[in-house]
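Note that the sequence shown covers residues 897 to 1310 in this note's numbering.
Hint data in this document are derived by calculation from the structure and do not stem from the laboratory. Mixed in with the good hints there might be a few duds.
What the hints assert, rightly or not - Derived DSS-like pairs (lysine-lysine); straight-line CA-CA distance at most 27 Å:
1. Lys976 - Lys900
2. Lys1095 - Lys958
3. Lys1138 - Lys1095
4. Lys1107 - Lys1082
5. Lys1082 - Lys958
6. Lys1107 - Lys1014
7. Lys1014 - Lys914
Unchecked claim - Just the calculated beta-carbon pair ranges, DEER-fashion:
8. Glu1033 - Arg1295: 55 to 61 Å
9. Tyr1002 - Asn1248: 21 to 27 Å
10. Asn1248 - Arg1147: 53 to 59 Å
11. Leu1166 - Val1269: 37 to 43 Å
12. Arg1077 - Gly1243: 36 to 42 Å
All residues carry an ideal CB built from backbone N, CA and C; glycine is no exception.
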Amino acid sequence: MHRKSLIERLAILADAAKYDASCASSGTSKRTSQGGKGIGSTEGMGICHAYAPDGRCISLLKILLTNHCVFDCHYCINRKSSNVERARFTPQEVVDLTLSFYRRNYIEGLFLSSGIVKSGNHTMEQLVEVARLLREEHDFRGYIHLKTIPEADPELIAQAGLYADRVSINVELPTDTGLTRLAPDKDARQIEGAMGGVKSAIAEAREAKTKFRHAPRFAPAGQSTQMIVGADAASDVDIVGKASSLYDRFRLRRVYYSAFSPIPDASAVLPLKRPPLIREHRLYQSDWLMRFYDFRPDEVMAATGADGMLPLDIDPKLAWALRFRDRFPLDVNTAPREMLLRVPGLGVRAVNAIVAARRQRTLRLDDIARLTVSISRVRPFLVTPDWRPTLLTDRADLRAQLAPPAEQLELFAA
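Let the hints inform the model, and build the full structure from the sequences given.
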């Protein structure tokens, strides 16, 4: 039997990892080592795989340890009953690949996940061993993100947090009903229990750090999770509600949304086609509104239609503004910051600049135009000394006037 080469296995396991979206590296910090001679860095530029909030490109080697799996989740291409080509790395091979890619300036870090082989504990031990070898044997100071196994013992997940910058545990689906139906080997309470354990460990490590300078770090970039969109009947209201609950209960850094993609030899219980990618995009926008624009979950949900779905032709912020037209237009020189954040076309930076500038002088429409990409999108919702949108906010065709061109939406349909 032909034994696959390292390159052949890399091709298989890198491709298999593409279905996991939760690999951004925001929130990490620079590691130090004795004498400053460690290998790796989270600073600088390289091949772009993820972006930090400040715009830095973070290049990651994103692979699975193995795509063998004892679970049979219907939506997963690596499920036990799937007829896919299988491959597996040893921990040392992953370490060697990571260091080799880093030295060639291809990457700045590692995102490592895995199918469940033998058991959750066995798989978690292998993942932890990769991180341990990198940190302890090679003094690797680059970014490490480990996908943890909720079925594994808490002690193993705790070890992962000591070596990794970020850990993540996927909730997989927005509802318990969907998880039971499509991932019968997984348990929602077990997943959330593991997430709660990580949350507590992060909080304890931060508290210890305030008292003891050399207290060990634990997942300093926090934890994240991922939900699959469109594999079950969950509405956007269900998804937004679940995401909000996860943020509140587990202090997550990010919730990632991954549009379901039909897979070879698909189970009969799955949809025949994927949801439009624009739906995934709208969910990310709604997530952004909750995280940075102070929108409450019920406000985002108010932007949905009778079917509980966010509109696809316009973004959720515009949908909310059109639904609550009676709250507009706002006087840009007197409106509170929280309402300015709800003006379509105004970002957080623009709003902060407006609030700061109006303390010094009265702002006019030209001042606002310099802070936004499209003043035509903003004008129906604002009043300045030289501009008042007479009858504009009440126009029946305002939605059509402000919606993006059809060709922009078609980019997501390809």
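Each hint, compared with the structure:
| no. | hint | result |
| --- | --- | --- |
| 1 | Lys976 - Lys900 | holds (20 Å) |
| 2 | Lys1095 - Lys958 | holds (24 Å) |
| 3 | Lys1138 - Lys1095 | holds (17 Å) |
| 4 | Lys1107 - Lys1082 | violated (39 Å) |
| 5 | Lys1082 - Lys958 | holds (24 Å) |
| 6 | Lys1107 - Lys1014 | violated (41 Å) |
| 7 | Lys1014 - Lys914 | holds (23 Å) |
| 8 | Glu1033 - Arg1295: 55 to 61 Å | holds (59 Å) |
| 9 | Tyr1002 - Asn1248: 21 to 27 Å | violated (37 Å) |
| 10 | Asn1248 - Arg1147: 53 to 59 Å | violated (24 Å) |
| 11 | Leu1166 - Val1269: 37 to 43 Å | holds (39 Å) |
| 12 | Arg1077 - Gly1243: 36 to 42 Å | holds (40 Å) |
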